[in-house]
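Participant: The chain contents come next:
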Amino acid sequence: MLDDLKLSNAQIAWRAAQDIADGAYVNLGIGFPEMVAQYTVEGRTPIFHTENGILNFGQAPAPGEEDWDMINAGKKAVTLKPGASFFHHADSFAMVRGGHLDVAILGALQVAQTGDLANWRVGNKGVPAVGGAMDLVHGAKRVAVLTDHVTKKGEPKLVESCTFPLTGVACVTRIYTSLAVVDIEDGHFVLREKLAGISMEDLQSVTGAPLHTDGEVGDLIVPAL
Amino acid sequence: MLDDLKLSNAQIAWRAAQDIADGAYVNLGIGFPEMVAQYTVEGRTPIFHTENGILNFGQAPAPGEEDWDMINAGKKAVTLKPGASFFHHADSFAMVRGGHLDVAILGALQVAQTGDLANWRVGNKGVPAVGGAMDLVHGAKRVAVLTDHVTKKGEPKLVESCTFPLTGVACVTRIYTSLAVVDIEDGHFVLREKLAGISMEDLQSVTGAPLHTDGEVGDLIVPAL
Amino acid sequence: MDKTVSGLAEAVSGIGDGATVMIGGFGGAGNPIELIHALIDAGPKNLTVINNNAGNGQIGIAALIDAGMVKKMICSFPKSSDPRAFTDRYLAGEIELELVPQGTLAERIRAGGAGIPAFYTPTSYGTELADGKPIGEFDGRPYVQERWLKADFALIKAEVADTMGNLTYRMAARNFSPLMATAAATTIVQATRVVAPGGIDPEQVITPGIFVNRIVEVTEPKQEEDLIRAGASYA
Amino acid sequence: MDKTVSGLAEAVSGIGDGATVMIGGFGGAGNPIELIHALIDAGPKNLTVINNNAGNGQIGIAALIDAGMVKKMICSFPKSSDPRAFTDRYLAGEIELELVPQGTLAERIRAGGAGIPAFYTPTSYGTELADGKPIGEFDGRPYVQERWLKADFALIKAEVADTMGNLTYRMAARNFSPLMATAAATTIVQATRVVAPGGIDPEQVITPGIFVNRIVEVTEPKQEEDLIRAGASYA
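From first to last, the protein sequence lines are chains A, B, C and D.
Number 207 in the UniProt record's numbering belongs to position 207 of the first sequence; there are no gaps in the numbering.
Number 106 in the UniProt record's numbering belongs to position 106 of the second sequence; there are no gaps in the numbering.
Number 228 in the UniProt record's numbering belongs to position 228 of the third sequence; there are no gaps in the numbering.
Number 128 in the UniProt record's numbering belongs to position 128 of the fourth sequence; there are no gaps in the numbering.
Note that these hints are calculated values from the structure, not bench results.
The structure displayed is predicted, hence computed values, not measured ones.
All C-beta atoms, glycine included, are put in the ideal place defined by N, C-alpha and C.
Hints may be right or wrong, so weigh each one.
[Unchecked claim] Heads up, incomplete: computed chain C residues facing chain B, CB under 7 Å, no partners named:
no., residue
1, F26
2, P44
3, K45
4, T48
5, S76
6, K79
7, L99
8, Q102
9, T123
10, S124
11, A173
12, F176
13, L179
[Said to hold, decoys possible] Over 12 Å on every C-beta distance to chain C, these chain B residues come out as not near it, computed from the model:
no., residue
14, A17
15, G154
16, E216
17, D219
Chain A on its own, in the form it takes in the complex (with noise of 0.2 Å):
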């Protein structure tokens, strides 16, 4: 049931994408988050920042026309916008981890209600590889997190403690999941949105720690795409 009702990548990063300010300065993560930069709302212009040194940089050039020495931090291809810099790799974590970008916008494997994240490691198997994981959880003025709700086997993704290797602790600040909006506030996860067609009950039975409200739970509406 919940795999008909629930929201498509695209329809998470859409509602992620209308809580960013005009102006504001942003990192998406490699992969999903990345989506949210196509969905920016009219008129509101973000600047997009990333790790390996490019402050407002663009959509991806046309193929072909790729200059592989301007790439963002998942080694794609972009463009510039007028009033973008370069700079070093020293200078751009400065920008993360002294707390320069208004947000910062991440996949998750497993997010906690304390804040907890882990989205770099699913075990101890195989060759680890972090990035700048832990450093943009601790970076940004508001760490968002991208992701389903459940897990393909239907297990919940946010959970009382995280059983993966943690990428930051009481890091998350807001999770957009594939059927609700939920904030992180003093250890809980306080619901703010849901999907009309799920119940309390329903959404609770998925979801690994209690939700908690704080006033009216609203709808989580998005459009199609």
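For chain A, the structure is supplied; the task is to place chains B, C and D on it using the hints.
Facilitator: Relative to the frame of chain A, chains B, C and D by itself:
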């Protein structure tokens, strides 16, 4: 008697300049040490660094030609040589603290046989001001001092241990005085050169700690300046 | 996005009593004289001011001190060409001084901007300026632990700004300014020229716009050294 | 003063067995392919290599690993487009990995160049990458103490170099290179264009020459991503 023999400041600066290799990166302290630049050995091109963010600056401009946005750490107007660069203060002191300078040449109130230097403050009266002195003593591969051998009152400036507030501990490696060239090695003064006209005994009598020797002591020979 | 404001008064608005203010400049180079004088006009009290020096002559930071607005200076060298304003108040016990070695001052400000709460440096080890600070030993050598420096506001003089806040500087007027721009909650810039986005080559941006909040164009900025040599005064 | 050398072989001379080598580049941007291949030709063993990634395809750092010359990688992301060379050896236990968060890697290298033996960062606190590292608390928040990183050599790709070693870079090929240039005892640069002193505007120098030891001109440098897409191999 010593007053008749002793080198002028210009001659001390000249002697120090002889030890600056071609292509060396050099910081000259404000005041007396700045004179060293005037005696650069023919055919050598040291590169001068100033704390406030210039590498490879040159002579003062002609009077009236000053641009007060192009000054050295002593707030004197300078010119640029080809291959100069500007950078901010953190990068400038990364050059210093990171050990990238080949030599820093500083003034001294006292130098101890341990290499301790006192050169920023006589006592605890008046307004204290430290500038970059405490950074420079830990920055360069070689930290040298230019100084009269004794104070105006005839007291030794090369001492067992400094009585004035310290600038740095175990930092000075060579001292160019008005009477001698003295290295600091393993907590001892090691005499390298002395004026031919002064005896070992007389030199020792105006030096506040034992002068050791390690091989032959050369004659300190400088031109009339 | 346009960070320009209408004038100097708006640029310095909101700097209240007790604020900590970083001010760019070294000697006469890079001091944002017009912003400082606008701040004197605004008149907040009990400021903590961070600059390499402590003002010269009767303009800029010296005038700010003369106006009785500065409670404390954090600087490396409060003795420049004519430091009377600071000296008089300091000897009278009317102004506090936190003396910081110049490289440590620069690194503490950079650390503030870069989210590094503390670091170790060889500088000042064994001296009175390390008194009371934690000492750490690394690879057999002692180092002093220093803390980051942040500010509520930074006042910065730039050469060119675009409206998004990207900045370039002029020669050695760069000095502490790019660091201070990163370490203040609100960074206020006076620029000799303001251009549209794209007007600065992305390769040549020294301060990226993310560090800048307000920009005011001052097309013919005063140079502190020139003012001092001319005997100028704020009043 | 002229830091240019006659060719690639001379540029990488003296890099001996057991050396620690920083190599600039992030993804395909900024990797000094020609210097890396010259290093493979020279053939030292048991190298420790520091780069954000751990090589891709069959060229550059991947080829260095395939040649059996690398004992240890220090990097943040050893899983790029085609990381087979590293993956195979890592899973076979034939190569060590020190995994460092990207911002911490950058800051550790900067610290190495700036004479800062240790610093505190919020990054990795509470994670397995902080295991065994000292924790410090500042203003009520916990931080991880990290140490500087230095190297014997750095291999750097620049856009323009003057003969005194002043450098500019090309777009996002800048990445770690200006940091690594400061943190190595010997910094070796391949530049697309070498000019006389004065050929780079002093305002636009990114790496001042003090950090550079050897320069070799490589007028048409290979771009790693292009090589990988073309299926190129070192051998």
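Participant: Minimum Cβ distance from K45 of chain C to chain B below 7 Å?
Facilitator: violated, 23 Å
Participant: Would the stated hint for T123 of chain C survive a check requiring a Cβ distance to chain B of less than 7 Å?
Facilitator: Holds: closest Cβ of chain B sits about 5 Å from T123 of chain C, inside 7 Å.
Participant: With a cut-off of 7 Å, does the beta carbon of K79 of chain C approach a beta carbon of chain B closely enough for the hint to hold?
Facilitator: Holds, because the Cβ-Cβ distance from K79 of chain C to chain B comes to roughly 4 Å (cut-off 7 Å).
Participant: Does the nearest C-beta of chain B fall within a distance shorter than 7 Å of the C-beta of F176 of chain C?
Facilitator: holds, 5 Å
Participant: Restraint: Q102 of chain C near chain B, CB-CB cut 7 Å. Satisfied or not?
Facilitator: At 4 Å from the nearest chain B Cβ, Q102 of chain C passes the 7 Å test, so the hint holds.
Participant: Mind verifying the non-interface call on A17 of chain B? Its CB should be farther than 12 Å from each CB in chain C.
Facilitator: Holds, because the least Cβ-Cβ distance between A17 of chain B and chain C comes to about 24 Å, which exceeds 12 Å.
Participant: Once the shortest beta carbon distance from S124 of chain C to chain B is found, is it less than 7 Å?
Facilitator: Constraint on S124 of chain C satisfied, holds at 5 Å.
Participant: Measuring Cβ to Cβ, find out whether E216 of chain B lies farther than 12 Å from everything in chain C.
Facilitator: holds, 33 Å
Participant: Would the least Cβ to Cβ distance between G154 of chain B and chain C come out above 12 Å?
Facilitator: Fine: 27 Å to the nearest Cβ keeps G154 of chain B off the interface.
Participant: L99 of chain C was flagged as interface toward chain B. Is the shortest Cβ-Cβ separation under 7 Å?
Facilitator: Nearest chain B Cβ about 5 Å off; hint holds.
Participant: Interface hint check: A173 of chain C, Cβ to nearest Cβ on chain B, cutoff 7 Å. Holds or violated?
Facilitator: holds, 4 Å
Participant: Given S76 of chain C was flagged as interface, is its beta-carbon under 7 Å from a beta-carbon of chain B?
Facilitator: holds, 5 Å
Going through the hint list in order, the structure does not satisfy hints 2, 3 and 4.
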